[in-house]
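**Student:** So you can see what is in the structure, the chains are spelled out below.
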Amino acid sequence: MNPVGVVTQVNGREIARSVPARMTLVEFLRDELGLTGTKVSCELQVCGVCTVLVDRKPVSSCAFLAVDIDGREVTTIEGVASDGKLHPIQQAFIDHFALQCGFCTPGFVMMAVALLEEVPQPTPEQVVSYLEGNICRCTGYRSILEAVLDAADRLERASP
Amino acid sequence: MSVLPSFEHLRPADLHEALDAISFDDPVYAGGTELLLAMRSGLLRPSSLIDIKRIPELDRIGQEDDDVVIGGTVSHAAATADPVVLSAAPVLPKVLAHVGNPRVRAFGTLGGNLCFAEPKSDVATILISLSADVELASKNGRRRLPVEDFIIGPYTTARNEGEILVSILIPPTADPMVYEKFQTMERPTVGVAARLLEDGSLRVVVGAVGGAPEPFDFSSVHEVNSGHIADRVEVIPDLTGSERYKRHVTRVVLGRTLAQLEGLA
Amino acid sequence: MSVGNSVPSVDARVKTTGEARYALDAAVPGMLFADIVRSTRAHATILDIDPSEALTTPGVSAVITAADLDGLFPRFGHIIADHPILAIDRVRYYGEPVALVLADNRYAAADAADLVRVRYADLPVVIEPEEALAAEAPLLHDEDYSLGDRSFSEAQSARPATNVAHEAMLQWGDVESALEGAHVVVETTTRYPMLYAYAMEPYNAIASYDEGELDVISTAQHPFQVREDLARIFSLPLNGVRVRSPLLGGGYGSKSYTKVEPLAAVGAWISGRPVKVALDVEGAIHTTRADSALIWVRSGFDDKGTIVAREFDITLNTGAYADNGTLVLTKCVHRCFGPYNIPNLRASGRAVYTNTVPSSSYRGFGAPQGNLAGEVNMDQAAERLGIDAAELRRRNLVGPGERHIPGKRAMDADLRADLEMVVKGLGWGGRPTANHGIGFGCSASDAGAFPVSTAQVRLFADGSALVLTGSTEMGQGSRTVLGQIAATELGISVDRIRVKQSDTSLTPYERTTGASRTTTLTGLAVQRACRDALAKLVEMGAEVLDRDVEEVKTAEGDVVAGPDSRASYEEVVQAWFGGRQGEVTGVGIVRRAGELAELPPFWEIGMVGVDVEVDPQTGVVTVHHLVTVGDVGYAINPAMVEGQDLGAATQGLGAALSEELIYDGPQLVNPNMVEYRVPRMGDMPARIDTFIAERGDGVGPFGAKGGGEGSLNPVGGAVASAIARATGRWPTRLPLNSSAVWELLNPPDEA
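Protein chains in written order, with my numbering: chain L, 1 to 160; chain H, 1 to 265; chain P, 1 to 751.
Do not take every clue at face value.
As a list, the in silico DMTMM-like pairs of lysine to aspartate or glutamate whose alpha-carbon atoms are at most 20 Å apart [stated by the list, open to error]: (1) H:Lys-181 <-> P:Asp-11; (2) H:Lys-94 <-> L:Glu-132; (3) L:Lys-85 <-> P:Glu-187; (4) H:Lys-53 <-> L:Glu-73; (5) P:Lys-304 <-> P:Glu-187; (6) H:Lys-120 <-> H:Asp-238.
Because the hints were derived from the structure by calculation, they are not lab data.
So here's chain L without its partners, still in its complex pose (with noise of 0.2 Å):
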């Protein structure tokens, strides 16, 4: 099969490359790239363990196609954290203990990155309106609602 190519930006790196049209966007990310830090589970977009923003709208990477990406911006779970420096919904979930195996955060936070952009000061019922087509297997989901909402305040403090 013809492989397509591609010119896209991820984490706010360049990147050309030439791939078959079958390759979804996860697998681009994490076979061609090594950004392993998306994780791949239901493959059938339910369980959000692979969201990335593209164009900063969250997508399921496993049912979405690299050759998409083209002429895009895509953020991973690795273009979250800034010179080192927590996100604060990365430290929000570490600090409420919103994560347990840890298999499902990148998708969690990669989607509260993408909520708070969309509702900055949302309430809990919007957060788990939101957050509904995401599983977590192993916290009961109270403390990740805790952390999205302790995250708002953050951001909202932090901003001038």
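Given the structure of chain L, go ahead and fit chains H and P onto it with the hints provided.
**Tutor:** Just chains H and P now, kept in the frame of chain L:
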């Protein structure tokens, strides 16, 4: 990890090129939120995907004559956020805001949803209640038909080989409308749309519980009989329940929908 | 002191940044990707396997079948080695691995796997134990596979020439006479669903076979147990097999024992290249599930509600191969009747081979199945006796120091006090409101498994320390908790300690990571290793400070021999070895001796309650309030105890309300996460109380004992009884999803 089967990716620059490329075996590809899953599970093995989502004319929302026009590749999220859609059909954004999850809404399209004709869906049901049409383009021209006639059955539409759904057309309405669904799993068990028209007549559309949404028309609110609808509607038993249960829940949701509509009227 | 504080997880940071490495993330240069050809029949003779077309796929290097395993021991299984690496002549369940395809990339492997042609001759299929136990049922296994591991001595051998994989029985007293004299006898039959643990990282392994040494990185909870299976397959000494388990993306018992490691290993052995096997969720579901159970119980009470006898009959659907199902049955038999004083008991059960996915451990194993029957039966008895359900339990719960199973450890918990925390927390006894119901339940599990743990502590010349243990980190927080124990014992800050885990060639032996044992048993081994290191340091310090050993002790990171004679650890190490060199190694050993001579090492308590509301129109159940009690003796990390309890209870709510693998004919209809519904954020109870009971009554470090499974075990029964109280109808099976509840309230014959 599983993989997608092999295929060619074709990205026509405009609708004309797309119509040249399309064939029955090579499906149109937009959001991919249904298509890629069907391919991953082995249900579909197309030799090519015709990627239409970079065709500018398909990705717009506007007004044409009296209708709101939602392009064939407009995502649920874009339609939800659009002021034109909100003012012309306020019920629609409310429904779209609860389709799938935010990732599906960000890239999944209304047009794709209709063309895939997954029975357990909200989109066709609400569009039928809005008396929406679809416009289909082929090399021979364009045609327009009601969504109600477009959705034929489970995974089956009136789209002919060589046709692309280019837009969804919705006549603006201020009619009182309610959409209520019952959902315990990933997709709705039953969704009911009810609309009180200006002349006092009532249109009820029941979706998700059978093979395709079914409209029921009544000349007035007083004629509506939830039990009658629930007894007549097609019900397909599945993991969410037996036919008996799903018929019962349909009746319950109908009752809740109509009660809400009464509150609005 | 580090212990007792909610120290943030030491691996939390890398887990939020994506730097955390799981087995799935491992890659070895030159590795081949494997795909698995799975059986499309539930029970069939394999006539032939034709790989010729598959082998023409570009990039494919091999198609391996059982015929290629000549010279190897072709099966695995830690109790009964009945599980073929690749099906040998016969398939016993739909989805069983038949062939392994190796290729340069995952696409070629998958494409080629579709092209392997397998011809079958169908055999009769049995899906339900009832069918498998019928006289004319086909026999699934006709060989004797038993290995006779002494630590599994509770396992009784199977009955030959039947599909009974394993039987277990526990009894004392005279049940029949006691029931004859009982004031009330209550009978209950329940069905517990077939479950999938859904550890979010599906099973995967990467193996390389090089210079006679086999190196495997995998998702194994118990790398040392996997090592034994692999050593037997390849006739290698234990030092010729290295199994490493990095961070696991969930385990919950489902990654206990050997899964895909032999597939990767035989791939590497045949191809001479590293081989990666990474399953998808559907493949994982077709690897291991949890036992479904049909349990009958009858209990007799006197007129004051005192139990006079209980009798249980248990049938588990253990699937096509034994895996850990034998132990699940044994545990179910020991856990079904609850922590009550029962003068006369008979609990017997059988695990039955069927043509379904093999079942094995899953959080609480055996306990949730048995507890549903036992506790619903208690609640029905309370109703029949006209005694408050909490009061009925108070009258029968075993007291601290009392022995409710002859020959087992006396109860190391105050169950009545735990029960009060739950019923008070729930407001039990208040005025009932329409469609609302409260339910609660008690359990005690013989946890900890067989006590064998070893650990090492290496104290370096800069005063930092490395803790080495074969216990696996799968999210439960062992890396943090074991570090806290070491920090406290060594008297140094927790951030000067690193915990390295689960590398069979470099970390010391650990039997398993399961049965809620790590904090208690591995913790004891770490504690002893620290003390051993400090004893050596004291001897070295005496020499360095020129004092008698008796005068020297350690305090807060220093070796002290008096007010003016003091040296830091690093000073002692450096001075003793000379220069800036050297280290002190402490060894800690835990075995079945001394205070651990009695089994179980500890009783794991489950004490939970729920307040639910039922929508009688739709059958939807909403859990408004959840209460858990973590009776852990001493909470080394309280936030992690609460996290374990809420996580366990949430999995229990999944089983109670929505989760079930469903067979329709020979295959599963819902082997995916769309149709197998696990709890989501929106299912979270509005109010959650995760209480901790600390009474210092555990055998582990600082009086701790294990948790993490207990809060799952009674959830099913609690939910069922709550729904019964809300609706007036007793459910007899889980899950109680909306349609099941509505059908319960509206049976067809009443329509």
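**Student:** Evaluate each hint against the coordinates.
**Tutor:** Against the structure, the hints:
1. H:Lys-181 <-> P:Asp-11: Cα-Cα ~42 Å, so violated.
2. H:Lys-94 <-> L:Glu-132: Roughly 17 Å separates the two Cα atoms, so the pair holds.
3. L:Lys-85 <-> P:Glu-187: Given that 20 Å is the threshold and the Cα spacing comes to 61 Å, the pair is violated.
4. H:Lys-53 <-> L:Glu-73: Distance of about 17 Å is within 20 Å: holds.
5. P:Lys-304 <-> P:Glu-187: Status holds; Cα separation ~18 Å.
6. H:Lys-120 <-> H:Asp-238: Holds, at roughly 11 Å.
In this structure, the hints that do not hold are numbers 1 and 3, in rising order.
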